[in-house]
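Visitor: Chains as they are written, first to last, in my numbering: chain A, 1 to 331; chain B, 1 to 357.
Hints should not be assumed to be uniformly reliable.
As the list claims (entries may be wrong) - The calculated label-pair distances, taken between Cβ atoms and stated as ranges, are:
(1) A:G146 <-> B:E50: 56 to 66 Å
(2) A:R9 <-> B:N238: 32 to 42 Å
(3) B:N238 <-> A:S2: 27 to 37 Å
(4) B:E50 <-> A:E43: 44 to 54 Å
(5) A:P194 <-> B:L87: 46 to 56 Å
(6) A:D319 <-> B:D266: 37 to 47 Å
(7) B:G296 <-> A:L252: 31 to 41 Å
(8) B:D266 <-> A:G195: 31 to 41 Å
(9) A:D191 <-> B:E50: 37 to 47 Å
(10) A:G128 <-> B:R278: 46 to 56 Å
(11) B:N238 <-> A:D191: 17 to 27 Å
(12) B:A133 <-> A:I317: 54 to 64 Å
(13) B:P96 <-> A:L252: 22 to 32 Å
To be verified - Covered by chain B, per the in silico footprint, the following chain A stretches (three or more residues, Cβ under 8 Å):
(14) 35-43
(15) 49-61
(16) 149-155
(17) 161-172
(18) 257-267
(19) 302-309
In short, the hints are calculated from the structure, not lab data.
Every residue gets a Cβ at the ideal spot worked out from N, C-alpha and C, and that includes glycine.
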Amino acid sequence: MSLPQVLDRHLRDLFGSGRVNSVLGAIPTRGPLGMAQLARTPEEVERFTLSPLACPNLLVHLTSKEARLDPTRFPLAVLARGCETRMLNQIFSEHGLRRDQVYVVGLAHCPGAIDPRRLSAQLPVLRGFPEATIEGEEVVIREESGELARLARTELVLERCRHCQNHEPLIDDYRFDLVEEADWIEPVSVDEDPGVEAIDAMIPIERWAYWRSQLERCIRCHACRDACPLCYCENCILERHTPCWVKRSVNLPENTAYQLLRVMHLVGRCTACGECERACPVDLPLGLMMRKMENLVREYYGHRSGLDPSGEHLLSIFDPRDTTATARLEQ
Amino acid sequence: MRMLQAKHDIPKLLELMDQDRELFVPVRDEGGGRFARWSDLDLSVNEDIENTLMLAGEATRRPAKDQLFAETATLFRFRLEQGDFHLEEPPPGPSPRVLFGVRPCDGRGFQVIDTLLVGPHGGDTAYQQAREANLLVGVGCKTPGPDCFCTSVGGDPHSSDGLDVLLTDLGDAFLLESITEPGRDWLSGLQKHGVGFLHDAGKRDAERARVAQHEARQRVPRQVDTSRLPKILERSFNSDVWATVAPACIGCGACTFLCPTCRCFDIQDLVQGSRGARVRVWDSCMFREYTQEASGHNPRIRRAQRWRNRFYDKFHWSGDGRGNPACVGCGRCITHCPSGIDLVEMIERVTSAEGGA
Numbered sequence: 001m002s003l004p005q006v007l008d009r010h011l012r013d014l015f016g017s018g019r020v021n022s023v024l025g026a027i028p029t030r031g032p033l034g035m036a037q038l039a040r041t042p043e044e045v046e047r048f049t050l051s052p053l054a055c056p057n058l059l060v061h062l063t064s065k066e067a068r069l070d071p072t073r074f075p076l077a078v079l080a081r082g083c084e085t086r087m088l089n090q091i092f093s094e095h096g097l098r099r100d101q102v103y104v105v106g107l108a109h110c111p112g113a114i115d116p117r118r119l120s121a122q123l124p125v126l127r128g129f130p131e132a133t134i135e136g137e138e139v140v141i142r143e144e145s146g147e148l149a150r151l152a153r154t155e156l157v158l159e160r161c162r163h164c165q166n167h168e169p170l171i172d173d174y175r176f177d178l179v180e181e182a183d184w185i186e187p188v189s190v191d192e193d194p195g196v197e198a199i200d201a202m203i204p205i206e207r208w209a210y211w212r213s214q215l216e217r218c219i220r221c222h223a224c225r226d227a228c229p230l231c232y233c234e235n236c237i238l239e240r241h242t243p244c245w246v247k248r249s250v251n252l253p254e255n256t257a258y259q260l261l262r263v264m265h266l267v268g269r270c271t272a273c274g275e276c277e278r279a280c281p282v283d284l285p286l287g288l289m290m291r292k293m294e295n296l297v298r299e300y301y302g303h304r305s306g307l308d309p310s311g312e313h314l315l316s317i318f319d320p321r322d323t324t325a326t327a328r329l330e331q
Numbered sequence: 001m002r003m004l005q006a007k008h009d010i011p012k013l014l015e016l017m018d019q020d021r022e023l024f025v026p027v028r029d030e031g032g033g034r035f036a037r038w039s040d041l042d043l044s045v046n047e048d049i050e051n052t053l054m055l056a057g058e059a060t061r062r063p064a065k066d067q068l069f070a071e072t073a074t075l076f077r078f079r080l081e082q083g084d085f086h087l088e089e090p091p092p093g094p095s096p097r098v099l100f101g102v103r104p105c106d107g108r109g110f111q112v113i114d115t116l117l118v119g120p121h122g123g124d125t126a127y128q129q130a131r132e133a134n135l136l137v138g139v140g141c142k143t144p145g146p147d148c149f150c151t152s153v154g155g156d157p158h159s160s161d162g163l164d165v166l167l168t169d170l171g172d173a174f175l176l177e178s179i180t181e182p183g184r185d186w187l188s189g190l191q192k193h194g195v196g197f198l199h200d201a202g203k204r205d206a207e208r209a210r211v212a213q214h215e216a217r218q219r220v221p222r223q224v225d226t227s228r229l230p231k232i233l234e235r236s237f238n239s240d241v242w243a244t245v246a247p248a249c250i251g252c253g254a255c256t257f258l259c260p261t262c263r264c265f266d267i268q269d270l271v272q273g274s275r276g277a278r279v280r281v282w283d284s285c286m287f288r289e290y291t292q293e294a295s296g297h298n299p300r301i302r303r304a305q306r307w308r309n310r311f312y313d314k315f316h317w318s319g320d321g322r323g324n325p326a327c328v329g330c331g332r333c334i335t336h337c338p339s340g341i342d343l344v345e346m347i348e349r350v351t352s353a354e355g356g357a
């Protein structure tokens, strides 16, 4: 059994009581990544893991077209960390899902999830799905032969986890502590974002040269869009042909249009989870764009998405007396 | 024909190769590596070359495929004049090139692409021209990557299939062996100008190469039995096994766009004012839109159906025309799947679910 007994029993009971039709969690993979698994029976819960290595954002499997084609998976229980409950809030607030369709198993006292790219950069020899625990500001990796490495938490976790303000679930129907109450010390939150700061410091011509060199590498596989739990339009503009807004041609102008379109469609919605960047098979720094956009939304409008499940949607608010944006332009 | 090239003289060889044909090499970049034009690189010091060129260890994340089967290829241009369309003169085909450092899996990948785009009755002109213009110089994999399983699909870290010349890493030097007639001509051309650093290889060098090749084969980390798949797949189309992968797949095209054998394309007309171009762009069977019909019906609406299609294309419907599957076992779709889906594990699952029946 990979899950702590109390959580395992709770998830099994959800089936028994008829509360849910499925439970969404993560299972270990052959590499240090983890994979989404939709348990349809209590027995299938058995393979779930809470390892910080299992980092994919599971919420995409609640909002995707595949999920909509499969209504039998709802009501569904999902194992969600604080950041994921924030995103769930956003989805509820924009009526992407109804609250009663989702049973939220909130994973509290979350010390973060490990970025597989940072891990393989630091431990190139690592194979398989080792045991990994976050102990305070250290990540301890153990293999069968014993302790393999002790690495700094802030150097190994996903970018969103470095800046995390949401270690606790914002909403839940059941709460499970990833780190026991007695051992819990809130992790250090890093204010600096050297990536975004470096781009802010560039003059426009340098900035464009930078983005140009990045966007040229995009292969347009749509992994960034498809990994995003908030990219769930029934008719994605990228799949419309009359008129054809973004052409399939893979070149700088079209790649730029594609990525800008993605960013603009997430204004006021994106929670900077960084899943787009994690999914990118050619390592485009997409998280930089998203974090910059989220910073601007906060700076211009004082808005942070997903903090309130019944909250207003930034771009749906119209108030003639609102001068936040124009006042800034006039400055 | 066999030649020996000391590693410290590789820069001289590259300069020489760039004389008659445009040279393309595998380079490390921020995205895990790809092929790039040698003359665009600004590498002068040996150390730079060694760090930038990907001739050992992991293969380029983007396979050599895009050098011959471009993501976007202009097939022809047209213009509208007084209500009539006029085709413009087609651009000249590519100039002679050499793709240096192609991995054997990528070389075998071209053989799969050939089955579709080089037909006996005329194929895709742009691809055929690129195929003829490129000399493929492969480099064997001394250290296969973490998800490599080429030996399970008829390949080998030193397979010469689809290549014109094959290099084997002997530690301090590379052994260059010609495989095809054009490869042999090219090597003898190099030999004339490479006096002083390109040497005739002896019997001992060939023996050292065989040993190195044998050792590399032992280092291929993953093995899976694919021999029974064609038979098993005859009766697995409606198996429950396909549904097991759907909950994890996000439906992106990363697996197909990093695959050295995926060869699906779409045709689009790009029009601006009265001028336009017809282009061939990569497409992916993992996209929902791929099978979207004009009526609104979509025969492969579910991810499990699309995943099954990809699997059948690799192991049942298509092949390399030589009795091998249309998968070359490079492992890229496994290592870089954002959802952690493992093709080898799926092969095992399909085999064990249906194998006994």
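Visitor: Each hint needs a verdict: does it hold in this structure or not?
Guide: How the hints compare with the structure:
{"no.": "1", "hint": "A:G146 <-> B:E50: 56 to 66 Å", "in the structure": "violated, 35 Å"}
{"no.": "2", "hint": "A:R9 <-> B:N238: 32 to 42 Å", "in the structure": "holds, 36 Å"}
{"no.": "3", "hint": "B:N238 <-> A:S2: 27 to 37 Å", "in the structure": "holds, 32 Å"}
{"no.": "4", "hint": "B:E50 <-> A:E43: 44 to 54 Å", "in the structure": "holds, 53 Å"}
{"no.": "5", "hint": "A:P194 <-> B:L87: 46 to 56 Å", "in the structure": "holds, 53 Å"}
{"no.": "6", "hint": "A:D319 <-> B:D266: 37 to 47 Å", "in the structure": "holds, 45 Å"}
{"no.": "7", "hint": "B:G296 <-> A:L252: 31 to 41 Å", "in the structure": "holds, 34 Å"}
{"no.": "8", "hint": "B:D266 <-> A:G195: 31 to 41 Å", "in the structure": "holds, 35 Å"}
{"no.": "9", "hint": "A:D191 <-> B:E50: 37 to 47 Å", "in the structure": "holds, 39 Å"}
{"no.": "10", "hint": "A:G128 <-> B:R278: 46 to 56 Å", "in the structure": "holds, 48 Å"}
{"no.": "11", "hint": "B:N238 <-> A:D191: 17 to 27 Å", "in the structure": "violated, 55 Å"}
{"no.": "12", "hint": "B:A133 <-> A:I317: 54 to 64 Å", "in the structure": "holds, 58 Å"}
{"no.": "13", "hint": "B:P96 <-> A:L252: 22 to 32 Å", "in the structure": "holds, 27 Å"}
{"no.": "14", "hint": "35-43", "in the structure": "holds (count 4)"}
{"no.": "15", "hint": "49-61", "in the structure": "holds (count 3)"}
{"no.": "16", "hint": "149-155", "in the structure": "violated (count 0)"}
{"no.": "17", "hint": "161-172", "in the structure": "violated (count 0)"}
{"no.": "18", "hint": "257-267", "in the structure": "violated (count 0)"}
{"no.": "19", "hint": "302-309", "in the structure": "violated (count 0)"}
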